[in-house]
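Fit chain B to the given chain X structure using the hints.
There are 2 protein chains.
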Amino acid sequence: MIERLLPGIAWMRRYDRIALQGDALAAVIVTIMLIPQSLAYALLAGLPPEVGLYASMAPLAAYALFGSSSTLAVGPVAVVSLMTAAAVGDLATVGTPEYRGAAIALALLSGVFLVAMGLLRLGFLASLLSHPVISGFITASGILIAASQLKHILGIEAGGHTLIELIRSLAAQVDSINGPTLAIGAGATVFLFWVRRSLKPLLMKAGFGPRLADSTAKAGPVAAVIATILLVDLLALGEAGVKVVGDIPQGLPPVALPPLDPALWRELLPSAVLISVVGFVESVSVAQTLAAKRRERIDANRELVGLGSANLAASLTGGYPVTGGFARSVVNFDAGARTPMAGVMTALGIGLAALLLTPLFQQLPKATLAATIVVAVLSLIDIPALKRTWQYSKSDFAAMAATIAMVLGAGVEAGIVTGVALSIVLFLVHSSRPHMAVVGQVPGSHHFRNVKRHKVITSPTVLSLRVDESLYFANARWLEDKLYDMAVADKAIRDVVLICSAVNDIDASALESLEALVERLGAAGVSFHLSEVKGPVMDKLKRASFAGHLTGKVFLSHYDALAALDPDTTARASGRAAAEGIIATP
Amino acid sequence: MIERLLPGIAWMRRYDRIALQGDALAAVIVTIMLIPQSLAYALLAGLPPEVGLYASMAPLAAYALFGSSSTLAVGPVAVVSLMTAAAVGDLATVGTPEYRGAAIALALLSGVFLVAMGLLRLGFLASLLSHPVISGFITASGILIAASQLKHILGIEAGGHTLIELIRSLAAQVDSINGPTLAIGAGATVFLFWVRRSLKPLLMKAGFGPRLADSTAKAGPVAAVIATILLVDLLALGEAGVKVVGDIPQGLPPVALPPLDPALWRELLPSAVLISVVGFVESVSVAQTLAAKRRERIDANRELVGLGSANLAASLTGGYPVTGGFARSVVNFDAGARTPMAGVMTALGIGLAALLLTPLFQQLPKATLAATIVVAVLSLIDIPALKRTWQYSKSDFAAMAATIAMVLGAGVEAGIVTGVALSIVLFLVHSSRPHMAVVGQVPGSHHFRNVKRHKVITSPTVLSLRVDESLYFANARWLEDKLYDMAVADKAIRDVVLICSAVNDIDASALESLEALVERLGAAGVSFHLSEVKGPVMDKLKRASFAGHLTGKVFLSHYDALAALDPDTTARASGRAAAEGIIATP
Chain X
1 MIERLLPGIA WMRRYDRIAL QGDALAAVIV TIMLIPQSLA YALLAGLPPE
51 VGLYASMAPL AAYALFGSSS TLAVGPVAVV SLMTAAAVGD LATVGTPEYR
101 GAAIALALLS GVFLVAMGLL RLGFLASLLS HPVISGFITA SGILIAASQL
151 KHILGIEAGG HTLIELIRSL AAQVDSINGP TLAIGAGATV FLFWVRRSLK
201 PLLMKAGFGP RLADSTAKAG PVAAVIATIL LVDLLALGEA GVKVVGDIPQ
251 GLPPVALPPL DPALWRELLP SAVLISVVGF VESVSVAQTL AAKRRERIDA
301 NRELVGLGSA NLAASLTGGY PVTGGFARSV VNFDAGARTP MAGVMTALGI
351 GLAALLLTPL FQQLPKATLA ATIVVAVLSL IDIPALKRTW QYSKSDFAAM
401 AATIAMVLGA GVEAGIVTGV ALSIVLFLVH SSRPHMAVVG QVPGSHHFRN
451 VKRHKVITSP TVLSLRVDES LYFANARWLE DKLYDMAVAD KAIRDVVLIC
501 SAVNDIDASA LESLEALVER LGAAGVSFHL SEVKGPVMDK LKRASFAGHL
551 TGKVFLSHYD ALAALDPDTT ARASGRAAAE GIIATP
Chain B
1 MIERLLPGIA WMRRYDRIAL QGDALAAVIV TIMLIPQSLA YALLAGLPPE
51 VGLYASMAPL AAYALFGSSS TLAVGPVAVV SLMTAAAVGD LATVGTPEYR
101 GAAIALALLS GVFLVAMGLL RLGFLASLLS HPVISGFITA SGILIAASQL
151 KHILGIEAGG HTLIELIRSL AAQVDSINGP TLAIGAGATV FLFWVRRSLK
201 PLLMKAGFGP RLADSTAKAG PVAAVIATIL LVDLLALGEA GVKVVGDIPQ
251 GLPPVALPPL DPALWRELLP SAVLISVVGF VESVSVAQTL AAKRRERIDA
301 NRELVGLGSA NLAASLTGGY PVTGGFARSV VNFDAGARTP MAGVMTALGI
351 GLAALLLTPL FQQLPKATLA ATIVVAVLSL IDIPALKRTW QYSKSDFAAM
401 AATIAMVLGA GVEAGIVTGV ALSIVLFLVH SSRPHMAVVG QVPGSHHFRN
451 VKRHKVITSP TVLSLRVDES LYFANARWLE DKLYDMAVAD KAIRDVVLIC
501 SAVNDIDASA LESLEALVER LGAAGVSFHL SEVKGPVMDK LKRASFAGHL
551 TGKVFLSHYD ALAALDPDTT ARASGRAAAE GIIATP
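Here the protein sequences come in this chain order: X and B.
Residue 1 is where the first sequence starts when you use full-length UniProt numbering, and the numbers rise one by one after that.
Residue 1 is where the second sequence starts when you use full-length UniProt numbering, and the numbers rise one by one after that.
Fair warning: there could be bad hints in the mix.
Claimed, not checked - Capping the alpha-carbon separation at 25 Å, the derived lysine-lysine pairs in PhoX-like fashion look like this:
no., chain 1, residue 1, chain 2, residue 2
1, X, Lys293, B, Lys491
2, B, Lys452, X, Lys534
3, B, Lys491, B, Lys452
4, X, Lys394, B, Lys534
5, X, Lys542, B, Lys394
6, X, Lys553, X, Lys482
7, B, Lys482, X, Lys293
8, X, Lys540, B, Lys452
9, X, Lys455, X, Lys482
As the list claims (entries may be wrong) - Quick look at which bits of chain B chain X covers, simulated, 3 or more residues with Cβ under 8 Å:
no., segment
10, 497-511
11, 540-546
Derived from the structure by calculation, the hints contain no laboratory data.
Predicted model only: the values in this text are computed from it and were never measured.
A virtual CB, placed ideally from N, CA and C, is assigned to each residue, including glycine.
Chain X extracted, bound-state conformation (with noise of 0.2 Å):
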């Protein structure tokens, strides 16, 4: 029992010292990868830079409790942390203790969202995010954070929440560029991307084994870290215009309750319902991802419920929205985390450094914490698979063209929406125009087929349709509209009988839809048959007195349909003369 309300007890119970071992150099290797990172996505955030070590303690130990996956890295992330600042931005100003405060807030509301889903168990919901749509949001959000951070490398002041504003805003600027600065940002930049691409390479030729390799490449943001903040320090660069993180509070998180306002948390509802959405599925694929390799298994409706207690944990210690980081969890991964103690440790390891170390950065460059930003981001950034998508359905391609493209121009909130709407809408006109087809009788056989496929012999008054789809709303008055042009085209048609073999449900607009096409085809006087149709399907017809409406029957085969309704072209197809094609079809 109490397993189920604490899933965290499971892997407690089965600790040992191998998994020790294991979680402990994890821990230790995400936390030097932690430390950058989460000042850095502070930054980005437009949050002080010790809000992103305060959500890198309290929400990971909340999540070692109460998430299911053993090896999942929670904390600050880029794409969050960008709708953070998006959401953020328009109620406060940055810098002023209202926009902590609304991103506070956004946590908790963020947190309450997620554990009510998880609870609910309405993770499935999230499918509602298709792929492409996801894919397109995060390509366009890395480019936009990129873009973001320029003003950080080039030592200037500028701003906006689209890519035309933060460009308009940069180009504003771009007389005063900080000489230092730029020197700083780009030669940051250069060295993260040369770790990133060459060094574990070189370290491997040079005898390293591939896994130290790995951790020490991945150490290179700290390698820049901390050779920025020698050279700023013994410069001077600070006095040279060179902007620098300056005084961090020394010490652990405040734990204070988030701000109580009604009013601020119905504007920020729709932001949270947002940034949980994207969070957990970016979050629940890489958890599924690496679970996979180690034949475990991610239950959706707790990984709600993990996540949603890390960010009401950001939310009572002073953080900020949080998930499932991608990078961060491969790297806990690899260095051979075994269960969610690393996270825990993770967690001490950034207490340690936020009770220490922050005297450490206050020279620390924003320079650096944006190139460490930017090459970051830019791993998130897929255009080949915009091709991918092109080449595989042209509207899949659609919404994830129209996404990017809205959250470039119009930021990320309404990037994000348009997709969704734009990939639901997509899916409703596709199925709103069902595959139909005539069908006639195979000769010598009780069987039917679509006349443009087999040589079949038809009824000159009978019109047989078969329709390979449930009836729902959607496409319900395109077939009623479809089903009475063909029935009244041929004026020497009396019935209709439709063959709802294929369709597993009726809904109340399809329902109807065919009452309105039966009043249609009978002033037309066109009688208007069912053949076929499913057990559950004609259950729902009887409790709404379906039969009541029909000008003609329900047949439980097409065949009797047929023998009934024009008996001499059915006794013609069903013979033996008809099967070795003496008679032709009509």
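Frame of chain X, contents of chain B only:
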């Protein structure tokens, strides 16, 4: 060619005396019905009474030229008037020129939107409004409209866009009810009810023909109007606090450009879209019902252009949004209208009224108009539909009930948006868990059937699964998890074969899910195969080089797959011995 641009030409060419007689009679009856209605609906929309008359002239002529129904009667209608009041009421105060300008701009936007939808042939998008949502919306609007008119019948000041606001506002004023107003309002309401219910049978008993009786009964509102004008005039009730319509400018509508204010347009656009779609859906279903009775055909896209041009005409002549009205179209049809000329003649009739009769309406009590509205909208309220829908389908009922609750509790726009969103989400949820069957071989045949329904033979190492739906974003992740769980649940399983005979499409999300599934199963030591993939789907998979990801193969038939993966079981199952039941199913 000209007929394609101006469909009205067609009926003009065929026009003769018989058509003229029918149209003229219908026009007289509809005009008599429309005069009080147009004044009343303008009142409902918060506009001066003459605006209702203006909206009943030029739009009718425009529809006659561009619309596709021969008998649809266009003009101000109750639901659209309510939606206009809700949309414009947010931006301006009733009675100001800004309010009137915004209503005119709303007609312009609605016209442009409808014409654009028609030219782009997007009429089918209206099918995204499911019938239960429309029905719930109309019912709730009827209740809201009736409640909004109570203030006129009671002679008090009240307002609000939701039922709660209205009731609270009425309750606060209940002390200041005006006796004479209540007497007139209640009297008119009771009289109109009696006319509606009992007058026609009474007249028929008295020897009137059914059509004459019907037409006479339809003149009930006019009788109420005349009687109450006389009452107010003779008893000088205006001085006793009975609110009257007051001066109505005499003359034809002013021809002028609508307000050219992009900021206003932007604010009105969402409302214009909602009004257009609701108006179109209502109108087209009336038009189709009437058209079927004469074996005519309604072209949804031409209907859009027709209604759009009617709204453009309204916006150029000081009117407000219009659409086809149910009651008046039926009256028009029953009175023998043959062509859209009846609409043109009705417009002329209203024009004459505007030129000559408006001074007579000066003493018309608002309470009488309110009574007209209340009695008219009660026919919109369809409570039994709630019960029918509940019995027929719980998810349709949920969408319907949510729509009603939101319209009453949060207003018309929130209501329609909620209903549409909910019906789409419920549909996606429904189709996100498609029917799926484990299949086995029918002994002695090469056929495969559901293991739950047939006595079949299954392979101990091969899991055969058939999915009865296209694979797309809403079901992709669920299927991925389900298939993975089923495959790893039985440790003996080495191969999974997905039978794709019912899969008409695989979208990009489902493709990625399949790739992820192949990888996850691969990590678990299980190979993944496909069988019976349709041609177009196979082409798509080839374009995406899916085969390269596959750990297994693509088989033409499922029998081929089984024969290759588990030849022993397959051979046993195919043999005659199996057919005769000598070998037991494993």
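Structure-based check of all given hints:
1. As the CA atoms of Lys293 (chain X) and Lys491 (chain B) are separated by approximately 17 Å, the hinted pair is consistent with the 25 Å bound.
2. Among the hinted pairs, Lys452 (chain B) with Lys534 (chain X) is consistent with the structure: their alpha-carbon atoms are about 17 Å apart, no more than 25 Å.
3. Under the criterion of a C-alpha separation no larger than 25 Å, the hint pairing Lys491 (chain B) with Lys452 (chain B) is consistent with the structure, at around 21 Å.
4. Under the criterion of a C-alpha separation no larger than 25 Å, the hint pairing Lys394 (chain X) with Lys534 (chain B) is consistent with the structure, at around 19 Å.
5. Proximity of Lys542 (chain X) to Lys394 (chain B) is assessed by CA-CA distance (about 15 Å); at most 25 Å being required, the pair is judged to hold.
6. Between Lys553 (chain X) and Lys482 (chain X), the direct Cα distance comes to roughly 21 Å. Compliance with the 25 Å bound is thereby established for this hinted pair.
7. A hinted pair counts as satisfied when its Cα atoms are at most 25 Å apart, and Lys482 (chain B) with Lys293 (chain X) qualifies at roughly 18 Å.
8. Straight-line distance between C-alpha atoms of Lys540 (chain X) and Lys452 (chain B) comes to about 23 Å, which keeps the hinted pair within the 25 Å bound.
9. The suggested pairing of Lys455 (chain X) with Lys482 (chain X) holds, with an alpha-carbon distance near 24 Å, which does not exceed 25 Å.
10. Given as covered by chain X, the segment 497-511 of chain B passes the check, having 6 residues with a CB less than 8 Å from a CB of that chain where 3 are the minimum.
11. Evaluation of the coverage hint for the segment 540-546 of chain B: fulfilled, as 3 residues show C-beta separations to chain X shorter than 8 Å, against a requirement of three.
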